[in-house]
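> Heads up: the sequence lines are chains U and C, in that order. So the numbering used here is basically just the index in the first sequence, starting at one, shifted up by 1376. So the numbering used here is basically just the index in the second sequence, starting at one, shifted up by 11.
Treat the hints as calculated values from the structure; they're not laboratory data. For clarity, every value in this text was computed on a predicted model and none was experimentally measured. All residues carry an ideal CB built from backbone N, CA and C; glycine is no exception. Any given hint might turn out to be false.
[Said to hold, decoys possible] A partial selection of chain C residues facing chain U, derived with a Cβ cut-off under 10 Å:
1. D17
2. E21
3. A44
4. L50
5. A57
6. L62
7. L69
8. V72
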Amino acid sequence: MSTTYGAQNEVELTDPVSWGVAAPAVGAAFAASAVEVVEAFTVVLAVATLRGWRPAVSGTLVALAALTGLVLVLGPLLDRVPLHPLQLGIGVLLLLFGMGWLRKAVLRAAGVIPVHDEEAAFAAETKHLAAEARRRHASLAWIAGLAAFKAALLEGLEVVFIVIAVGAGRGLLWPAAAGALAACVAVLAVGTVVHRPLSRVPENALKFGVGVMLSAFGVFWTGEGLGVQWPGGDLILFLFAALFLLTGLVTASLLRRPIGETPR
Amino acid sequence: MTLLRDIASELIGMFLADACLTGAVLALVLLVAALTLGLGVPPLIAGGVLLLGCLVILAGVAWREASRQDRV
Chain U
1377 MSTTYGAQNE
1387 VELTDPVSWG
1397 VAAPAVGAAF
1407 AASAVEVVEA
1417 FTVVLAVATL
1427 RGWRPAVSGT
1437 LVALAALTGL
1447 VLVLGPLLDR
1457 VPLHPLQLGI
1467 GVLLLLFGMG
1477 WLRKAVLRAA
1487 GVIPVHDEEA
1497 AFAAETKHLA
1507 AEARRRHASL
1517 AWIAGLAAFK
1527 AALLEGLEVV
1537 FIVIAVGAGR
1547 GLLWPAAAGA
1557 LAACVAVLAV
1567 GTVVHRPLSR
1577 VPENALKFGV
1587 GVMLSAFGVF
1597 WTGEGLGVQW
1607 PGGDLILFLF
1617 AALFLLTGLV
1627 TASLLRRPIG
1637 ETPR
Chain C
12 MTLLRDIASE
22 LIGMFLADAC
32 LTGAVLALVL
42 LVAALTLGLG
52 VPPLIAGGVL
62 LLGCLVILAG
72 VAWREASRQD
82 RV
């Protein structure tokens, strides 16, 4: 088939079955964005605590503008790539990325590696920023703004990849981007109200879920890129996700360490 | 320059964080491509190999990391 993603896009949007893939795509973008925004918010809050909200918000807005530009540039470029190579390329990247997240989430759930601690990350970032300002004799506002920019940009890169990866193959770029944006707004709204690191967000459970969904998408796209016509079409994604979830949970259960042996 | 280095290391970390996982996934995709495109195996069977292979790799890399942590 020599059709491109652009042509496929029009066909799929009129096909009601394609919305079977919309829910996991939007859900994956929402959950992944929530995890990354929680981590970025910890740094932004450290910046705001140390130097006020102005450099924190400025740095974050510049990073969000850069990330939006990346989506606007890369999204249309993908229209020019033939469908099967696009599916194969994105599928393999999704497998590497999604299974990487899932592996880490399994190891954290089993207590083999420590879970991410937002309170500790906040304390470390505040200390690092103050030390950096002393060392460089530079304006703390500038260093603080740059730190917020860097945190939002680096955490946002993963969200941009996920939005493009789960959205590009079926014309779901904008719904996936909307899912990511909704998570961003929700986390920032909650964070602004509670005004402290969001340490009670079940980060590893979210990462587990995102890893499961991305790995399922990875198998789906890679197979389609190699010419596999999956039975049930998009709906087989749910079976793939269930198998990855089951494998992850069983592996975590088999590897589980007794309480107290988990490294901190 | 530090920012560019950080972006590069973030991108590399996204896909190549665990060399064993990366190597195993790429080898599996090559195997499935060889099955479908080279040996004429029915695509659905090759797809099954891809799915099962990914599940085995996931359990294997997690098991390997846990054993490595035990030795440290």
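> Next step is simple, just say for each hint if it's right about the structure.
Cross-check of the supplied hints:
The criterion of a C-beta within 10 Å of any C-beta in chain U is met by D17(C), whose closest approach is roughly 6 Å, and the hint holds. Here the hint on E21(C) is kept, as its CB sits about 5 Å from the closest CB of chain U, short of 10 Å. The closest approach between the C-beta of A44(C) and any C-beta of chain U is roughly 6 Å, which is under the 10 Å cut-off, so the hint is satisfied. Residue-level restraint check for L50(C) is violated (minimum Cβ-Cβ distance to chain U is 13 Å; threshold 10 Å).
At about 6 Å, the closest approach between the beta carbon of A57(C) and any beta carbon in chain U falls short of 10 Å, and the interface hint on this residue holds. For L62(C), the shortest C-beta to C-beta distance to chain U is roughly 5 Å, which falls under 10 Å, so the interface hint holds. Because the beta carbon of L69(C) sits about 6 Å from the nearest beta carbon in chain U, less than 10 Å, this interface hint is met. For V72(C), the interface hint holds, since its Cβ comes within 10 Å of a Cβ in chain U; the closest pair sits about 5 Å apart.
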